[in-house]
Amino acid sequence: MKERDVIEVNHLNKTFKIKHKAAGFLGSVKSLFKPNITEIKAVDNISFNIKQGEIVAFIGPNGAGKSTTIKILTGILFPTSGQVKIAGFVPWEERTKLSYKIGSVFGQKPQLWYHLPAIDTFNLFSKIYELDEREYKSRLNYLVKIFEINDLLDIPVRRLSLGQRMKCEIVASLLHRPEILLLDEPTIGLDIIAKQKIRELIRELNKKEKVTILLTSHDTQDIENLCKRIIIINHGRIVYDGEVESLNKEYLKSKIISVKFENPFKSFSLSGVKILKSEEYFASFEIDLTKISVKEFIDFIIKKCSILDINISGTPIEEVITKIYQQK
Amino acid sequence: MVAKKNSQNSIKKTAKFMLEYFKINLQSIMEYRISFITQASFMFVNDIFWVIFWAIFFNKFPSINNWVFTDIMAMFVVITCAWGLVGTVFGNFKNTAEIIRDGQLDFYLALPKEELSHILISKLKFDAFGDLLFGIILAIIFVPFAKLPLLLVLVLVSSIIILGFAIILGSLSFYMGSSVEVANQGLMGILTLASYPFSVFSGFTRIFLLTLIPAGFITGVPVELLKLFDWKWFLLMLAFAGIVLGISLIIFKKGVKRYESGNLINARI
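Just so you know, the sequences run in chain order A and W. In our numbering, each number is its position in the first sequence, counted from 1, plus 70. In our numbering, each number is its position in the second sequence, counted from 1, plus 14.
The following block holds chain A by itself, in its conformation from the complex (with noise of 0.2 Å):
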């Protein structure tokens, strides 16, 4: 069966107005009389499709535009110009209809009640979104059971580590069964336990309820692990958009690796491997993907030395869109 597209956003425009201001006092004093406000484009002319049950990511370096079009999205902001339909709804018109829809969770800007346990926001937000006391309790036993947050329940969200936190803060997005999942760094501060954790139950979620996620991350593993399709945004325009399996071919072929050892590192050549710093008990490494694969790579190393701490690295977000620049 065809899937129908959920989000539909076409030559969707956000402009801001921000304010100069010179270094100092006299700065200060200036600007209050003669400001110098100029206008940026958030979001410049961007236009895509996601299909029911879609695990996109929507990625791009800091003030890129991801935020912005995420909440745009949301019916939090409004654009300057452009149309966009999610689930039917255009959302800065018909926000509250929208928000029984979607989902959202913005790894910085936390819901829960800080000092109270979570599941009195949980009861909170059974209320806000109006929803049927029965189907509520089922609901939140099922997402308790998948997330695995029983234990956490009663504890006050300030007690909760940063993994613990965000699977509650999935939980209170999701107990209105929404379509659609809007996740802003969820990984973010996350050590790579939580990171894996979240990666498989937003995996799960997605496989079992349909659920579409549009996903913004820094962490490339989030994306490599999670999504086929990638958009790349970059001063508010996609500079990319397509399979992330293509993106791996095209730009991401290497990875870095930093190694701890326990004795002191002897240099080794290996085709396919460059020694990018090294110390006496650590080194970091660049591993051409075309030639060697992290698990060669690791296999031989292990064999090779004895080692404490390990780190791998995919290529940073910058780099892949000055590769994408360069090649076009």
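Hints should not be assumed to be uniformly reliable.
[Unchecked claim] Listed next, the in silico DSS-like pairs over lysine-lysine satisfying Cα-Cα at most 30 Å (straight line): (1) Lys137/W to Lys207/A; (2) Lys26/W to Lys111/A; (3) Lys171/A to Lys241/W; (4) Lys171/A to Lys278/A; (5) Lys207/A to Lys37/W; (6) Lys325/A to Lys365/A; (7) Lys155/A to Lys37/W; (8) Lys171/A to Lys161/W; (9) Lys155/A to Lys271/W; (10) Lys207/A to Lys246/W; (11) Lys167/A to Lys37/W; (12) Lys111/A to Lys268/W; (13) Lys127/W to Lys278/A; (14) Lys37/W to Lys215/A; (15) Lys241/W to Lys167/A; (16) Lys268/W to Lys104/A; (17) Lys37/W to Lys87/A; (18) Lys171/A to Lys74/W; (19) Lys298/A to Lys171/A; (20) Lys37/W to Lys171/A; (21) Lys167/A to Lys27/W; (22) Lys268/W to Lys155/A; (23) Lys26/W to Lys171/A; (24) Lys127/W to Lys121/A; (25) Lys30/W to Lys167/A; (26) Lys271/W to Lys121/A; (27) Lys167/A to Lys215/A; (28) Lys89/A to Lys111/A; (29) Lys167/A to Lys246/W; (30) Lys91/A to Lys27/W; (31) Lys268/W to Lys215/A; (32) Lys127/W to Lys280/A; (33) Lys167/A to Lys127/W; (34) Lys246/W to Lys171/A; (35) Lys207/A to Lys26/W.
By construction, these hints were calculated from the structure, which means they are not laboratory data.
Following the hints, put chain W in place on chain A, whose structure we already have.
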């Protein structure tokens, strides 16, 4: 019939929603109960000092431009009840400017409730409850029983004016970037001016207090109406409350379209 049932359902759901907020706010307050009880008690003590001050004053001077001690007490009843009522039901009325400036409006705009009422009820001010309680006790002591229904109506209308004025000042954040200071000063100013006998003001000041800083409509007119009821002034006060509230809603709703959000990291406390 169906429409009536729907509207009953909607009222029931809104009441449930407000009750849940009241509960969650109360729970949040209980986390810092000593601080809040201290605040409410200080508010109560502060109010008592004002009463003692005026009692001493009227012991020396019989009246101020026809206002006697009981009129001043009626004024205190109106301001403490109205201010206390607004603070108890719409606890965020003083924080709208900050909520807009700091991008906290995102939370309210992402949920399926009307954003302004949601902002206003989402906080409970325990010190305002101290004011309200003080006002009720003062009303029982100083306002004749027969005038209590009129007092109740006047307090409600005064509350609307305070609320509307606070929304206007807070909503200026949409247009100015931040109206936090303006809102703080404006609300403090109106509270101070409403705590003085309206009879001491005349001429231009009186017009000022019945228009731009409507402290006169908050306590002055209600006290005069309690002294001697006059339909003309009563209707004028009602109309003024309606206009202030109407303007505040327009300014807020138009402002939402200009909302720029922000990236400040917030916590819901």
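Can you list which hints this structure breaks, lowest number first? 2, 3, 7, 8, 10, 15, 17, 18, 29, 30, 31 and 34
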